[in-house]
Amino acid sequence: MNSLFPTSADFIRFAPEIVLTVVGTLLMLLEPLTGDGKGEKPQLRWLAIAGLALAMAAAIFAYGDPGPAFNGMLLVDGFGTFFSVLVIGTGLLTVFCAQDYLIREKQENGEFYALLLFSIAGQCIMATANELIILFIGLEISSISSYILAGFLREDRRSNESALKYFLLGSFATGFLLYGVAWIYGLTGSTNLATIQATLAAGGVNPRLLALSAALMFVGFAFKVSAAPFQVWAPDVYQGAPSPVSAFLSAGPKAAAFAIFLRVFTTAFGSMADRWAPVFWGSALLTMIVGNFAALRQDNIKRMLAYSSIAHAGYVMVAVTSHSTVGTAAAMFYLASYAFVNVGAFAVVSYVAAKGEKHVGIGDFAGLAARQPLAALVMTIFFTSLIGVPLTAGFFGKFYIFKAALDAGMVWLTVLGLLNSAVAAYYYLRVIVVMYTHEPSVAVNELEPASSGLQFGWVAAAAATLALGIFPSALLEFASRAAILR
Amino acid sequence: MTESQSLWLIPILPLIGAALNGLLGRRLPKMAVSAIAILSVLGSFLWVMKCLSALGNLDTPHAEHYFTWIQSGALEIGVDFMVDRLTRIMLLIVTGVGLLIHIYAVGYMDHEEGFSRFFSYLNLFMFFMLTLVLAKNFLLVFVGWEGVGLASYLLIGFYLKEKFAGDAGKKAFIVNRIGDFGFSLAMFLIVITFGSLDFTKVFEAAAKMPVEAHAGILTAIALLLFVGACGKSAQMPLYVWLPDAMAGPTPVSALIHAATMVTAGVYIVARASVIFDRAPIALDVVSYIGLLTAVVAATIGVTQYDIKKVFAYSTVSQLGFMFMACGAKAYSSGIFHVATHAFFKAVLFLGAGSVIHALHGEQDMRNMGGLRSKIPQTFATLCFAWLAISGVPGFSGALSKDEILIAVHGKSEWMFWVGVVTAGITAFYVSRAMFMTFFGEYRGKAHPHESPLSMTGPLWVLALLSAAGGYLMRDLVHSIGPETASHGDHGSLEFIIVAAGLLGIGLAAFMYLMNRGLSQSVAKALGPVYRLVYDKYRVDEFYDAALVRPIQAGSESVLWKGLDVLLIDGVVNGVGRTASAIGGILRRCQGGHVPSYATWIVLGAALVLIGFQLVGGGR
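Chains as they are written, first to last, in numbering that gives the first Met the number 0: chain A, 0 to 485; chain B, 0 to 618.
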């Protein structure tokens with residue numbers, strides 16, 4: 000432990016990040032050597048898939064021997080492994096769902112996959128970070144790759160705008176986080192979460208300054224999870240970014256951001272977080288309201304999904320507010336179910352949108368069921384899950400979150416949250432109605448059949464959604480055990 | 000604990016069949032579709048046999064736990080299956096009769112569109128029905144319960160182009176919602192009272208509770224369960240969906256709406272017998288409803304001309320008999336009648352299907368007659384079922400019906416006599432149907448032809464079971480216990496019951512064989528009474544006037560034009576207008592300009608900082 004030389008156990012616990020980084024670098028190196036001249040690079044796609052699969056295997060293997068690594072900088076525990084596997088799984092799904100889009104836009108190249116893998120590596124670090132500096136590094140690795148991904152279509156004005164906004168605002172918010180970290184270090188003399196927890200428990204820290212540093216970190220985290228009042232960037236970024244990237248951004252980085260949010264506020268600030276609950280409470284409610292009510296009036300489906308993703312962040316904020324093991328487990332379950340659903344839904348959007356993402360109006364989905372029944376069916380499954388209809392993952396996700404909130408005595412937040420999800424049903428159902436009852440639109444009539452890779456992505460996401468909706472307990476049991484953070 | 004028997008294979012095999020036929024069926028030849036459908040059910044039938052022989056005489060129930068399905072606080076619900084003596088009977092009926100009807104359906108559906116869709120649904124039904132009977136807790140039963148309802152809905156509305164089929168499907172589904180609501184409420188009460196939904200735990204705890212002389216929690220649970228049973232098993236006042244359900248293909252009527260699904264209500268009452276035993280008020284209600292249903296449905300059966308409708312009302316009436324048995328605590332007799340009824344009613348429906356098949360879709364008995372010589376095998380097999388349902392000694396129907404009526408006699412004498420008369424009416428209307436169909440002159444236009452072997456084969460097996468099945472299953476059924484009152488000397492009672500049946504047959508012969516035309520004059524003489532019964536007591540019309548139309552009107556004027564247009568649209572539009580009104584500020588916030596976003600974030604951050612200081616800074 001005192002030796003500065005890392006042991007083999009350290010490397011095993013860091014293996015997912017190593018794999019992702021090595022494969023990502025390899026992808027960049029191989030980029031000039033591959034390609035068939037038609038803009039397709041299936042070799043690189045499969046290399047990325049193999050790298051992600053290997054990283055997932057490494058993450059699961061590392062959990063066989065959980066514990067700290069690199070002098071307590073990382074901590075491989077159930078919680079960390081859960082989120083590592085989740086973000087890697089999201090990445091896998093994204094690769095399948097992005098394939099058609101990239102080929103269509105003649106943009107399939109090593110950079111995309113490499114950036115995706117680097118971003119995921121950052122998120123894995125966030126998931127297992129046990130120390131504020133490492134946490135910050137993970138967040139930055141993830142964010143910087145994400146900024147570039149958002150602007151991946153260099154020629155596209157919307158994509159560029161999206162990336163620039165994301166970058167400027169993201170950096171701004173990260174500043175708050177870093178300032179908070181600095182204050183904490185000044186107050187406690189440490190950046191290790193366990194040490195901070197112990198120091199705070201011992202008392203003697205100025206509560207005003209402590210609240211100041213916690214508030215600064217809250218701002219940083221809330222921005223990353225797009226919680227109100229720091230959600231303003233999300234609609235513009237998700238709308239402007241390429242659809243597969245929006246899918247990834249709203250699932251992977253968000254889940255990882257919630258992971259650090261939960262970890263910091265249940266370990267380091269664990270003993271005092273209850274005091275600040277009213278702020279969480281207000282933020283959760285505001286997030287749900289802003290997301291759902293703004294989504295009601297959107298005609299652009301990407302923008303609608305962006306607001307919907309804000310609303311769902313609000314539900315997870317409810318779980319964070321409850322500040323309990325049950326709440327943490329509920330948030331974990333919810334984020335997992337939401338990741339599948341959202342990547343799948345954006346994949347259908349990117350399919351219907353066609354070249355140049357022209358068709359992103361809700362009206363463009365008219366009659367999809369008649370022409371492309373599979374696309375309409377999986378979209379219906381995703382949207383029913385977002386509404387929270389039983390037999391889908393979304394139902395149990397909401398159920399566990401609101402149960403955690405009730406257990407924590409937050410009756411009003413539960414009532415208001417449930418009312419919110421009733422409002423939300425409207426804008427999801429609207430799309431389903433349009434898909435099934437209207438005459439096919441021009442956009443739908445022009446659609447080519449989806450590739451088998453994309454279909455696989457859809458079906459996998461839909462199957463996971465139903466599986467979690469019918470048999471939630473396997474995942475929930477794991478989450479409940481992993482949610483006990485120390 | 001005995002070793003695992005992999006009971007899960009029993010329902011999973013038909014589910015695989017349903018998935019294969021549902022996903023690939025359209026691209027497969029009919030041979031392959033039929034093979035998948037039949038083999039999957041055959042597989043589960045054989046697996047049932049294998050499990051039952053391995054489990055021996057089941058002195059203690061055999062249970063299997065697969066995984067925890069839902070965990071919420073102290074409440075833990077697993078996916079658990081179990082086999083006890085009650086399940087054993089149900090498994091044999093469902094897989095055995097199910098297999099025969101699948102074979103029959105291959106012949107019957109040969110010319111129909113949507114061949115693979117049909118078998119996919121039928122296999123799906125088998126999956127849910129087997130889940131229902133194997134489940135070891137109420138929630139899993141409910142999964143099967145809702146699932147068979149879904150399969151039933153899909154199959155009633157199978158003929159997509161016929162409007163009445165779709166309507167009948169919807170009617171079945173909606174009426175069943177009422178029953179299912181009762182079932183869910185019963186589950187809630189069970190969770191509150193016992194903290195579990197597991198059969199073993201609930202019944203063990205219930206067994207320690209005293210008999211409730213006045214209505215208490217057990218009475219409430221029992222009555223709510225019975226509301227569910229009334230929906231699924233078509234009892235008063237929720238029976239109205241079953242006659243309409245005959246819009247589905249005939250094998251469906253035989254399998255779902257006669258032999259298996261509709262007996263689920265009897266099954267759940269028998270399963271929860273511990274609770275019902277301690278709720279005498281609920282038992283009385285079960286008896287009265289059963290008796291009333293038996294009488295009402297039997298009288299309607301007398302007046303109908305559609306051959307399937309006659310048998311549909313007969314099913315409703317026979318289900319009433321089963322509930323009478325349960326009401327008299329003779330649960331095993333009720334289940335016994337489930338078994339024998341499954342055989343003879345399956346024959347009646349499949350035979351009716353064979354007649355309809357032979358006549359190219361004709362269902363009106365006034366256009367039949369004299370078919371005895373034209374389709375002799377169908378006629379011969381139907382005779383078995385006819386004698387069985389009429390309670391002629393030597394056939395299995397007599398065994399179970401005698402037991403039921405004797406048990407009812409032990410409970411109340413007047414109910415016994417009403418039951419006996421109803422049994423006579425039963426014999427009368429089935430004989431009437433037989434005479435109108437097979438005797439006299441042929442009155443139709445189509446050229447009848449005998450059905451293929453795939454249809455007559457299952458008919459013969461079931462016909463023989465209508466005779467002998469009761470004797471074969473008697474001991475198995477009685478092992479369910481508790482001992483019923485049927486033992487001992489009831490010679491005189493049995494004589495009365497048999498006489499009633501024979502009298503019914505004789506009267507029918509007198510009216511429809513010897514003095515044709517007499518029935519017309521009787522109908523005329525009874526005038527308005529006859530018309531009331533012929534119109535099925537106008538219950539549907541009453542429901543329509545009392546419930547459906549008010550709800551429709553209410554939905555239109557209050558929910559749609561009031562709530563939806565005024566309130567919801569108003570709120571939505573109002574929100575929109577409000578949003579536009581304060582848009583000046585908001586637009587600057589969400590206007591796409593990075594500096595304004597940054598301002599927004601700074602303001603938010605200030606808010607959070609103040610918030611943190613206010614709520615927790617000072618302490």
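Simulated from the structure, these hints should not be mistaken for lab results. Worth double-checking, as some hints may not be accurate.
Said to hold, decoys possible - Partial selection, computed: residues in chain B whose CB lies under 8 angstroms from chain A:
| hint | residue |
| --- | --- |
| 1 | S3 |
| 2 | M48 |
| 3 | W68 |
| 4 | G215 |
| 5 | I216 |
| 6 | A604 |
| 7 | V607 |
| 8 | G610 |
| 9 | F611 |
| 10 | Q612 |
| 11 | V614 |
Claimed, not checked - Far from chain B, by Cβ distances over 10 angstroms, these chain A residues were calculated:
| hint | residue |
| --- | --- |
| 12 | T33 |
| 13 | Q42 |
| 14 | Y62 |
| 15 | L186 |
| 16 | A193 |
| 17 | F217 |
| 18 | V278 |
| 19 | S282 |
| 20 | G366 |
| 21 | P448 |
| 22 | L465 |
| 23 | P471 |
| 24 | L475 |
| 25 | A481 |
Claimed, not checked - Sample of chain A residues facing chain B (criterion: CB under 10 angstroms; computed from the structure):
| hint | residue |
| --- | --- |
| 26 | A172 |
| 27 | V180 |
| 28 | Y184 |
| 29 | A473 |
No residue lacks a Cβ here, since even glycine has one placed at the ideal position from N, Cα and C.
Structure-based check of all given hints:
no. : hint : verdict
1   : S3   : violated (20 angstroms)
2   : M48  : violated (30 angstroms)
3   : W68  : holds (6 angstroms)
4   : G215 : violated (29 angstroms)
5   : I216 : violated (25 angstroms)
6   : A604 : holds (5 angstroms)
7   : V607 : holds (5 angstroms)
8   : G610 : holds (4 angstroms)
9   : F611 : holds (4 angstroms)
10  : Q612 : holds (5 angstroms)
11  : V614 : holds (5 angstroms)
12  : T33  : holds (36 angstroms)
13  : Q42  : holds (32 angstroms)
14  : Y62  : holds (21 angstroms)
15  : L186 : holds (13 angstroms)
16  : A193 : holds (22 angstroms)
17  : F217 : violated (6 angstroms)
18  : V278 : violated (4 angstroms)
19  : S282 : violated (8 angstroms)
20  : G366 : holds (20 angstroms)
21  : P448 : holds (17 angstroms)
22  : L465 : holds (13 angstroms)
23  : P471 : violated (7 angstroms)
24  : L475 : violated (7 angstroms)
25  : A481 : holds (15 angstroms)
26  : A172 : holds (7 angstroms)
27  : V180 : violated (15 angstroms)
28  : Y184 : violated (18 angstroms)
29  : A473 : holds (7 angstroms)
Going through the hint list in order, the structure does not satisfy hints 1, 2, 4, 5, 17, 18, 19, 23, 24, 27, 28.
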